[in-house]
Structures are given as structure tokens and as C-alpha cells.
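K.L.:
Chains as they are written, first to last, in my numbering: chain G, 1 to 91; chain X, 1 to 362.
Simulated from the structure, these hints should not be mistaken for laboratory data.
All figures in this text were calculated on a predicted structure; none of them were measured in a lab.
C-beta atoms are modelled at their ideal positions from N, C-alpha and C, and glycine is treated no differently.
Any given hint could be a false lead.
Said to hold, decoys possible - In silico DSSO-like cross-links for lysine-lysine, where the CA-CA straight-line distance does not exceed 30 angstroms:
(1) K59/X to K48/G
(2) K15/X to K21/G
(3) K75/G to K65/G
(4) K222/X to K38/G
(5) K76/G to K15/X
Stated by the list, open to error - Stretches of chain X that chain G covers, calculated by requiring three or more beta carbons in the stretch to come under 8 angstroms of a beta carbon on chain G:
(6) 14 to 20
(7) 224 to 230
Stated by the list, open to error - Estimated spans, in silico, between C-beta atoms of each pair:
(8) K59/X to V55/G: 29 to 39 angstroms
(9) T29/G to N111/X: 54 to 64 angstroms
(10) E51/G to F61/X: 23 to 33 angstroms
(11) G46/X to E56/G: 19 to 29 angstroms
(12) R19/G to D54/X: 14 to 24 angstroms
(13) Q88/G to G34/X: 20 to 30 angstroms
(14) K38/G to V69/X: 51 to 61 angstroms
(15) G32/G to K15/X: 18 to 28 angstroms
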Amino acid sequence: KTDQLYGHYCSCLFWLNHRLKELLRAKLTECGWRDQLKAHCKDVIKEKGLEHVTVEDLVVEITPKGRVLVPDSVKKELLQRIRAFLAQHAT
Amino acid sequence: MKMEDMSLSGLDNTKLEALAQDIYSDLVEDACLGLCFEVHRAVKQGYFFLDDTDQESMKDFEIVDQPGVDIFGQVYNQWKNKECVCPNCNRSIAASRFAPHLEKCLGMGRNSSRIANRRIASSNNMNNKSESDQEDNDDVNDNDWSYGSEKKAKKRKSDKNPNSPRRSKSVKHKNGEELSNSVNADPYKYNYNTGINYETLGPDELRSLLTTQCGVISEHTKKMCTRSQRCPQHTDEQRRAVRVFLLGPSASSLPDADTMVESDCYDASDGQVLMSRLQWDGSSDISPSDSASSKASTNNSDSKKPKKKKKTSLGLNSTGGGGGGSGSGGGSSSQTSLVGLSNRKKKPKLPVPPTQYLDNLN
Numbered sequence: 001k002t003d004q005l006y007g008h009y010c011s012c013l014f015w016l017n018h019r020l021k022e023l024l025r026a027k028l029t030e031c032g033w034r035d036q037l038k039a040h041c042k043d044v045i046k047e048k049g050l051e052h053v054t055v056e057d058l059v060v061e062i063t064p065k066g067r068v069l070v071p072d073s074v075k076k077e078l079l080q081r082i083r084a085f086l087a088q089h090a091t
Numbered sequence: 001m002k003m004e005d006m007s008l009s010g011l012d013n014t015k016l017e018a019l020a021q022d023i024y025s026d027l028v029e030d031a032c033l034g035l036c037f038e039v040h041r042a043v044k045q046g047y048f049f050l051d052d053t054d055q056e057s058m059k060d061f062e063i064v065d066q067p068g069v070d071i072f073g074q075v076y077n078q079w080k081n082k083e084c085v086c087p088n089c090n091r092s093i094a095a096s097r098f099a100p101h102l103e104k105c106l107g108m109g110r111n112s113s114r115i116a117n118r119r120i121a122s123s124n125n126m127n128n129k130s131e132s133d134q135e136d137n138d139d140v141n142d143n144d145w146s147y148g149s150e151k152k153a154k155k156r157k158s159d160k161n162p163n164s165p166r167r168s169k170s171v172k173h174k175n176g177e178e179l180s181n182s183v184n185a186d187p188y189k190y191n192y193n194t195g196i197n198y199e200t201l202g203p204d205e206l207r208s209l210l211t212t213q214c215g216v217i218s219e220h221t222k223k224m225c226t227r228s229q230r231c232p233q234h235t236d237e238q239r240r241a242v243r244v245f246l247l248g249p250s251a252s253s254l255p256d257a258d259t260m261v262e263s264d265c266y267d268a269s270d271g272q273v274l275m276s277r278l279q280w281d282g283s284s285d286i287s288p289s290d291s292a293s294s295k296a297s298t299n300n301s302d303s304k305k306p307k308k309k310k311k312t313s314l315g316l317n318s319t320g321g322g323g324g325g326s327g328s329g330g331g332s333s334s335q336t337s338l339v340g341l342s343n344r345k346k347k348p349k350l351p352v353p354p355t356q357y358l359d360n361l362n
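Take the sequences, apply the hints, and build the full model.
P.N.:
In C-alpha cells:
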């Protein structure tokens with residue numbers, strides 16, 4: 001039973017995931033989050049040197065800042081959608 | 001996805017909330033990672049800094065915020081007062097007046113009085129009646145040269161009878177135009193709106209024209225009116241005068257109240273013409289005998305002629321009855337009356353033997 005449910009939810013969640021990802025990206029670009037982070041990236045790169053920067057460097061530097069920089073409105077809306085989706089499928 | 005162990009039905013609200021938060025943070029991290037990968041790739045491929053400009057350029061293209069100047073630093077009507085040199089007359093003209101000046105100077109615009117200049121030029125060259133430009137309307141001024149010459153060429157062609165020999169007369173000097181000396185006449189272009197120049201037509205063409213059209217020559221354009229025989233702009237006297245002028249005193253080809261079947265339907269106009277002639281002559285009677293006799297005589301004589309001739313002579317017969325000796329036969333009376341009509345100021349009629357003119361008509 002759980003397997004079936006799992007499969008079902010996975011597919012649903014996959015769809016949800018996809019939709020929400022797109023939504024989030026659009027909203028973050030719109031509110032300038034992306035440009036902010038990109039500017040931060042430039043600093044990191046200049047600091048580390050253009051030739052030697054690695055993905056890890058960037059990830060380590062960027063991700064925490066990124067999480068923090070998400071505007072509240074975007075966060076709220078996203079959570080709302082997730083909850084609604086979950087409530088729909090809670091039975 | 002970290003939702004593998006989920007079966008939502010058993011969860012309470014707190015867990016649901018935690019779940020939602022998890023999902024959310026996953027999404028945000030995904031976005032961040034995506035950005036990192038993009039940036040890293042841009043760095044490694046070398047296009048990361050491409051959209052940046054250096055400081056100097058940034059200063060150059062800064063937005064200008066001064067009064068009297070737009071954001072690019074340009075003054076509003078800077079070029080209004082500049083002066084340009086006309087390539088035609090080499091005068092210095094203000095920029096805002098340059099276009100109208102060119103119009104006049106080159107003689108190509110709408111209000112350029114190009115017609116007048118052409119007339120002067122051609123009359124100077126030819127020292128005779130110049131072929132008037134067949135542009136009565138300003139619209140032709142709006143066309144550029146190529147189209148204008150095309151139009152003229154077409155009209156020239158339309159003036160020529162396919163059977164007539166080439167005429168050197170039609171080779172007249174026009175400003176840069178190639179005259180259509182070709183013999184390709186388009187009969188269907190015959191009736192051109194702006195009229196036909198009688199100089200280019202031979203006697204046969206003239207006759208054919210004059211029986212179908214009004215033909216009155218306009219004073220200022222030197223063209224024949226192409227409207228019907230009943231055109232309201234011209235009187236019958238004018239039409240008759242034109243015919244006399246063009247075809248000779250006796251060879252008037254004005255159609256008349258005729259019952260000749262061959263001709264085009266001039267019935268109404270004939271009647272009108274008839275009436276006007278009657279009034280004009282004053283005391284003219286249309287004696288049926290005269291008409292009959294004249295018809296007979298003219299029939300015989302005019303058998304070879306084109307239909308117009310028959311008609312005209314017949315038409316004139318009726319008035320001839322009133323104007324002159326009706327018994328001398330249709331031909332003479334018609335000729336007489338015609339001449340009389342044309343010369344009415346001087347003499348009532350000129351006695352003319354019919355045969356001469358019939359021969360001429362032939």
C-alpha cells in the first residue's frame with residue numbers, strides 16, 4: 001500500500017516540484033534576487049581568482065546567502081502553495 | 001526528492017508543516033545551485049564579465065540631466081537654422097525651407113509649375129504651337145519622371161492610327177522624354193481623359209474622332225475635347241468651328257439627325273444639334289423632300305466614304321434647307337449650309353458645287 005502511495009505521491013510531487021521550481025525561479029529573478037547573488041559571485045570570483053574558482057567554492061559561498069536573501073513574500077507564497085497541495089493529497 | 005517515506009494520510013499538521021518547509025528549502029537550494037552552475041560555466045567559458053563596461057565608457061554614456069538638452073546631450077532644434085547649399089542653383093537655403101525650394105528649383109514637385117516651364121521651353125525650341133502637356137491636373141506633377149514619361153508615351157501611342165504612316169511631326173522635343181514614335185497605337189486608349197492633340201492626327205483620324213467626340217479645341221491646352229457630341233462644356237457652334245478648322249471649310253463631319261443605321265447612336269445629339277441649328281438659322285425648315293433628296297444624292301456620292309461623312313452631309317442637309325437653295329441637291333446644300341454656318345458673320349452662305357467637296361471628303 002505504501003509503495004503504491006509512494007509512487008502516486010512521487011509522481012504528483014514531481015509535477016509539483018517542477019511547477020514550483022519554475023515559479024520560484026521566475027519570482028526570484030523578478031525581485032532581483034538573482035542579480036544580487038550574481039554580484040556576490042563576482043566578488044567571490046575576484047577574490048578567488050578567475051582561473052581557479054571551482055563549483056564548490058561558489059556553492060559554499062552562495063547558497064547560504066541565497067537562502068537568506070529570498071524575500072518574505074516569495075517565501076510565503078511558495079509555502080502556501082505547498083501546503084495547499086499537501087492538503088489536497090492528505091487523504 | 002526526499003519525500004520517499006511519505007504517506008500523507010497519517011500525518012498531522014505539524015508534520016505537514018515541517019514537510020512543507022522541507023519542500024520549500026529544497027526548492028530554494030535548487031535555485032541557488034542552478035545559479036552557481038550557470039556562473040561557474042560562464043566563468044570557465046569566459047563570458048561572465050562580458051556585459052560589464054569599463055568605467056570610462058560608463059562616464060561617457062551617462063544620462064545627461066541638464067536643461068535645454070535631452071538625455072543624450074543633444075540640443076532640440078539644432079538643425080533648424082542650419083543652411084544647406086542647393087545642388088541645383090547653388091544658393092544657400094535654410095534647412096526648413098530646403099525641401100520646398102528643391103521642389104521649385106528642380107521643377108518636380110506638386111506646385112512647381114512644371115507645365116508652364118515646359119511650354120515655354122518647347123515653344124522657344126519649336127517656335128510654333130507647342131504640343132501641350134497633356135496634364136491638366138496636378139496629379140501628374142506628383143509622379144516622378146519615369147512614370148510621367150510613361151504616361152506621355154502611352155498617350156502619344158493612343159493618338160496614332162495604326163494605319164497611318166509614321167509622322168515626323170510627332171517627334172517633338174520634350175525634356176528628356178522618349179517620344180513614342182512607334183506605330184503601336186492602342187485603339188482602346190483612344191479616348192483619353194485629358195484630350196487629344198489634333199496636330200498629331202491625320203485627316204482620317206480626325207474625321208473619325210470628330211464624329212465620335214466633341215472635339216472642341218481648348219484654348220489653353222490646345223487639345224480636343226474627348227467628351228461626347230453632347231458635351232455640355234461646348235456648344236455646337238464650337239464643334240462646327242473645330243471641324244471646319246481641322247478638316248477644311250466644306251468637310252465638316254458633324255453628325256446630324258440622321259437615320260443612317262451604320263453610325264453610332266447619335267440620335268439624341270443629332271436632334272439637339274438640329275434644333276440648335278434651326279434656331280441659329282432662324283427660319284429654317286426641314287423639308288422632308290430635301291432630306292430625302294439629299295439623302296439620295298449623298299448616298300450615291302458617299303457610298304465609298306466612311307459613315308461619318310454621310311451623316312454629316314445629311315445632317316447639314318436639313319439646315320441647308322433653310323439656309324440656302326434646297327433644290328440644288330443635298331450635297332451642295334449641306335456644304336453650303338455648313339460653310340454658311342461657319343462663316344455666318346460674314347456671309348450667309350457660299351455657293352459651292354457639291355462635287356468638289358465630295359471628292360475632298362473622299
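K.L.:
Can you list which hints this structure breaks, lowest number first?
P.N.:
Of the numbered hints, 4, 7, 12, 14, 15 do not hold.
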